[in-house]
Amino acid sequence: MPAEYIALSYGQLALAASLMVVCGGVSLALQLGLERRLALGTLRTILQLLLLGWVLRWVFAAEQWYYAVALMVVMTVVAGMAAVRRVERRYAGLLLDSVLAIWVSAWCVTAVGAFGVVQVPIERLAQYGIPLLGMVLHNTLTGISLGIDRLGSELAGRRDEVETLLALGATRWEAAQDAVRQAVRTGLIPTLNTMMVLGIVSIPGMMTGQLLAGVDPIQAALYQMVIMFLIAAGASLGTMGVALLGYRRLFSAEHQFLPGRLKK
Amino acid sequence: MPATPPLLEARNLRRRHPEGHGWLIDGVSVSLHAGMGVALEGPSGAGKTLLLRAMAMLDPLDSGRLLWRGEPVDRGDVPDFRSRVIYLHQRPALIGVSVEAALRRPFRLKVHRGVRYDESRLLRWLEGLGRDAAFLRQPTAELSGGERQVVALLRALQLDPAVLLLDEPTAALDPPAADSVERLIAGWLETAPAERAFCWVSHDRRQAARMIERTFRLVAGRLATPQEPENAR
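If you're matching them up, the sequences are chains X and H in order. Under our numbering, think of the first position of the first sequence as 1, with each following residue one higher. Under our numbering, think of the first position of the second sequence as 1001, with each following residue one higher.
Hints in this document: simulated from the structure, not taken from any laboratory.
Which stretches of chain X does chain H cover? Using the computed rule of at least three CB atoms under 8 Å from a CB of chain H, they are:
{"no.": "1", "region": "158-165"}
{"no.": "2", "region": "168-182"}
{"no.": "3", "region": "249-258"}
All figures in this text were calculated on a predicted structure; none of them were measured in a lab. Heads up, the beta-carbon is just placed ideally off N, CA and C, and yes, glycines get one too.
When you get a sec, could you build the whole thing from the sequences and use the hints?
As structure tokens, then:
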């Protein structure tokens, strides 16, 4: 693919970063007190992305598939941890469930996308696999985070209902399924919303990137669609997975509900 | 000891305090024989509700055994067991918009697939409670605490359980209504004394005495008066 994009220099980056002065000016003028956070945000943006760029350059240059896989493992575990950081009602094993759910769902979906659909040769796994997985992880993370949070609040809120059903002879699944359903539904809403307005409200991020890199717009659109379906599948599987894992933690094999395991 | 095992027997049930200090239920043994009405009384916080819940296998136990007709219950058989031994919450949840919907809800569970919603039977029971078919159309959101308890009792009775574990089932009722509920339960037991029993948690000693043949007193998770000779085994 010929490089039809305009390369940027660090000087040009500095020019763009100077736009943050505008934000600082607004903060000062309205006394928002956000100057420090703006400065930190600017710094973190630069450092994190530069670091990412360097790491990717290194992994790409290594041309060994296992470098790519190692990086993908790190990304997955970090995503799994981030997914449960702000979950309100927690239980022992939540982190493990989250990492497991995101790992299995995102990797399966990305594998189908990379090897089945795009048919990436193994030596270019880094260039295709890492960005694909990154996008799938990001959305699966959101789904898992919303889903597991909702599962906890549903089960806590419906505790009497769940207990009543169990007392009347419900299996643990019969008692929990409404809560599990609500959790998965909640986790999928952001993805569905995105799909509804995709390409109408704005040009999606990946497509923008490809357009800037000089890719034919139809090709860029095709890639965006593939990614969207991968994302939707990943979010569905991940959210369902984590909801089911959580369900198994909060209900015993004796069909008992264990709300004591949910801690705020 | 009679030749037939008790319908439901709890042997030396123990449940630890979740924070680790002391016992919520401390070595309690109770037998419910067919035809028996048993009262469980004691100060609040003594563990009456927990004991009743444990007897319905609703909470995990730290030790002890629960025997249903002399046999332990397999984990896979727990829903079936709970369709026979029904625990009634003190503040029951009614799932459904109307009383009728709430009464129909259990029939959607796998374990009750063979049973049908039987309105004529419900109407007979309601008559005994001084109510009619209009009660079935009432929205559950407008029911009083006592009415909710009545609905929960009917919801359990229509499933033909063998054992009712009643957690202060008349606590929110006025005395005449409480009397009619007591009569309903006593009548239910007398209809098939060879296969039914109940355990009734109550604060009210007098009430407990009226329809009960044996009373257990629970204090701080222990039975204060072990009145069962079988316990000496």
